[in-house]
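Asker: Sequence:
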Amino acid sequence: MTETNTPPPTDFIRDIIDEDNRTGRHDGRVATRFPPEPNGYIHIGHAKSVCLNFGIAVQYGGTCNLRMDDTDPEGESLEFVESIMSDIRWLGFDWEDRLFYASDYFEALYDFAWRLIEDGKAYVCNLTPDEMREYRGSFTEPGTESPGRSRSIEENLDLFSRMRAGEFADGAYTLRAKIDMASPNIVMRDPIMYRIKRAPHYRTGDEWVIYPMYDFAHGLSDALEGITHSICTLEFENNRPLYDWFVEQLIPGDRPQQIEFARLNVSYTVLSKRRLIELVTRGFVNGWDDPRMPTVAGMRRRGYTPAAIRNFAAAIGVAKNDNLVDAGLLESCVRDDLNETAHRAMAVLRPLKVVLDNYPEGRSEEFDCANHPQKPELGSRRVPFSRILYIEREDFEEIPPKKYKRLAPGKEVRLRNAYVIRFDRLVKDEKTGEILELHCTCDPETRNGPPADGRKVDGVIHWVSAEHAVPAEVRLYDRLFGIPDPAGEDYLDHLNPDSLQVLKGCFAERSLGEAAAGSRWQFERIGYFCADEKDSLPGKPVFNRIVPLRDTWSKIAARK
RNA sequence: UGGGGGAUCGUCUAGUGGUAGGACACAAGAUUCUGGAUCUUGCUACCGAGGUUCGAAUCCUUGUCCCCCAGCCA
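Residue numbers (our numbering): 1 to 560.
Hints were generated in silico from the structure; no laboratory data involved.
Heads up, a few of these hints could be off.
[Said to hold, decoys possible] Calculated pairs, BS3-like style, for lysine-lysine (alpha carbon to alpha carbon, straight line, at most 30 Å):
{"#": "1", "residue 1": "178", "residue 2": "121"}
{"#": "2", "residue 1": "353", "residue 2": "273"}
{"#": "3", "residue 1": "405", "residue 2": "353"}
{"#": "4", "residue 1": "197", "residue 2": "403"}
{"#": "5", "residue 1": "456", "residue 2": "555"}
{"#": "6", "residue 1": "375", "residue 2": "402"}
{"#": "7", "residue 1": "178", "residue 2": "353"}
{"#": "8", "residue 1": "504", "residue 2": "540"}
{"#": "9", "residue 1": "121", "residue 2": "197"}
{"#": "10", "residue 1": "403", "residue 2": "320"}
{"#": "11", "residue 1": "456", "residue 2": "405"}
{"#": "12", "residue 1": "428", "residue 2": "375"}
[What the hints assert, rightly or not] Pairwise CB distance ranges, derived in the manner of DEER restraints:
{"#": "13", "residue 1": "516", "residue 2": "165", "range": "53 to 61 Å"}
{"#": "14", "residue 1": "126", "residue 2": "185", "range": "21 to 29 Å"}
{"#": "15", "residue 1": "200", "residue 2": "377", "range": "49 to 57 Å"}
{"#": "16", "residue 1": "427", "residue 2": "384", "range": "18 to 26 Å"}
{"#": "17", "residue 1": "458", "residue 2": "399", "range": "48 to 56 Å"}
{"#": "18", "residue 1": "287", "residue 2": "200", "range": "46 to 54 Å"}
{"#": "19", "residue 1": "140", "residue 2": "59", "range": "16 to 24 Å"}
{"#": "20", "residue 1": "362", "residue 2": "501", "range": "35 to 43 Å"}
{"#": "21", "residue 1": "107", "residue 2": "551", "range": "57 to 65 Å"}
{"#": "22", "residue 1": "427", "residue 2": "514", "range": "49 to 57 Å"}
{"#": "23", "residue 1": "319", "residue 2": "451", "range": "30 to 38 Å"}
Glycine residues also receive a C-beta, built at the ideal position from the N, C-alpha and C atoms.
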């Protein structure tokens, strides 16, 4: 976990826990849980919840369970279970031996339901889905009681056991809690506890044809695990009375309490499971781990660090306000972490050939370059230099704008870690006018310092030696959507067509040739890059742009 | 429309009757062999209207706006 000295976070949930501990509400215990449904990959919003639940457990010396909330077999799978586990571990959290599944409680839940029927608090209902909707009433009108409500306990028990035995067709019956069809809270209008659904479950197979609903299963699962603080998102606030109702009917003594906080929204992306699934299945991105995805797997492949995501979670806080967090804050956390840890290197994304006319042909030399200018302890590597180099195309302008500090006619510039060079002439393609190469003169006296005559050279550009450079593919990622809040049903219309730009003809300095898959670098003056986990090969590196460096110049240039 | 929540700098978030603070963003300067990093400085907020009080973001009244709920999803 993070080793920062920042004070422990405080928020309204921790306030509640402090107060509970003060009054001894749960005997001073703190037990949380993270309860994903394994029907998709977890994303940055889940990561916020993971940090909250596991973070609280660590902070209070309590426990946090991982529980797969797998009560609806449709869409659930082992693939998702495994991805969720690996993502949480990667984030830096540990559930130790406390991995649970709601599906492990199916038998216990069935018994709970049985008891409720025996107590006359649940009944088998034969309404069709359409009828059920009609009987439910509306916001302003109370519901109507189901005919099944007056069934005898014996008949309910018989019907329920036959539901389990598979005697009825899917949807023919439901088990409902007998609460209040006139409740102003629609959740309390005799909610469904069980439905018949012949779908194979990825864990229980065809053992069950009835499956418990979330509202029935969740609070009781919490109680079974001895959870004290059941933290969930705001849309479950209406469900809290029902959560409490089930638990109060069936659980004596100390009961878990549900606390709701606002789910995370991040600008220029979507975080609803439905939309994420659509992006993947309809091929708008290349899978759940596409580096543009806000999934943990996507961010990991992009090159984001666990620490950056944890710091982000701490920075956004926990509250009940609707929010749309600036994607720039996440990027800032990523830069902040990478600035400390990433080794520097040079790579040219859009090469422009430079010939140093006064540098002897066939000669080469090596420079010792710091891996981190502020951290000598991170060491250095040897970077070869020779007569023919590549520089970034945008680091030369024939007609430079005001304040331009790079190479231009009549100008000198420092080659990073190497010599000062002066522009002499250029060669253009006669037909297209495209600049083919630059010819420059290198000042051999400037290898280890500024020009002796006091000339000021304030521009510094990066370069690679053509002879020694490693060809590389670089994938530039940008925000997935073109508008800050793509929340509407037309969100696909706002996909950013330039969210991925693949650059094939890039050149990286020699040391980058063997970049380990997943390794992160700062390409000086450009940004942070990560050797792609899947596609990067020794000698044939593929880099993902994690996040660009802050670019003050582009802002200045854009103003004019 | 019934019920449940929420409104504080551009964004996120502190504050719980006593100087409205932090982070991101933004702006200016210093420094720099990364137009990066670092440092310094600045910037902007209590949804409206009444009231209580010596004093209100905080308490009261009232209004406005936003979000969630009518899946056999979670």
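Asker: Now tell me, hint by hint, if it's right for this structure.
Answerer: A quick look at each hint next to the structure:
Using a Cα cut-off of 30 Å, the hinted pair residue 178 and residue 121 holds, with the two alpha carbons roughly 5 Å apart. Restraint check: the Cα-Cα separation between residue 353 and residue 273 comes to about 47 Å, which exceeds 30 Å; the hinted pair is violated. Between residue 405 and residue 353 the CA atoms are separated by roughly 19 Å; this keeps the pair inside 30 Å, and the hint holds. A hinted pair counts as satisfied when its Cα atoms are at most 30 Å apart, and residue 197 with residue 403 does not qualify at roughly 69 Å.
Proposed proximity of residue 456 and residue 555 is supported: the alpha carbons are some 24 Å apart, at most 30 Å. For a cut-off of 30 Å, the pair hint linking residue 375 to residue 402 is broken: about 34 Å separates their Cα positions. As the CA atoms of residue 178 and residue 353 are separated by approximately 79 Å, the hinted pair breaks the 30 Å bound. Between residue 504 and residue 540 the alpha-carbon distance is near 11 Å, which keeps this suggested pair within the 30 Å criterion.
For the suggested pair residue 121 and residue 197, the alpha carbons sit about 23 Å apart, so the restraint of at most 30 Å is met. At most 30 Å may separate the alpha-carbon atoms for a hinted pair to count; residue 403 and residue 320 exceed this at roughly 47 Å. Straight-line distance between C-alpha atoms of residue 456 and residue 405 comes to about 11 Å, which keeps the hinted pair within the 30 Å bound. Of the pairs offered as hints, the one joining residue 428 and residue 375 is violated, with about 42 Å between alpha carbons and a cut-off of 30 Å exceeded.
Judged by the Cβ atoms, the range 53 to 61 Å given for residue 516 and residue 165 holds: they are separated by roughly 56 Å. Between residue 126 and residue 185 the C-beta distance comes to about 24 Å, which sits within the given range of 21 to 29 Å. Hint check: residue 200 to residue 377, Cβ distance near 56 Å, so the stated range 49 to 57 Å holds. Roughly 24 Å separates the CB atoms of residue 427 and residue 384, a value that falls within the hinted 18 to 26 Å.
At roughly 19 Å, the beta-carbon separation of residue 458 and residue 399 lies outside the given 48 to 56 Å, and the hint is violated. Here the CB-CB span from residue 287 to residue 200 is close to 25 Å, at odds with the stated 46 to 54 Å. For residue 140 and residue 59, the Cβ-Cβ distance of about 45 Å falls outside the hinted range of 16 to 24 Å, so the restraint is violated. Evaluation of the 35 to 43 Å hint for residue 362 and residue 501 yields a pass: the beta carbon distance comes to about 37 Å.
Between residue 107 and residue 551, the C-beta spacing of about 59 Å keeps the proposed range 57 to 65 Å intact. For residue 427 and residue 514, the Cβ-Cβ distance of about 34 Å falls outside the hinted range of 49 to 57 Å, so the restraint is violated. A hinted range of 30 to 38 Å is violated for the C-beta pair residue 319 and residue 451, which are about 56 Å apart.
In terms of the numbered hints stated before, the structure departs from hints 2, 4, 6, 7, 10, 12, 17, 18, 19, 22 and 23, listed from lowest to highest.
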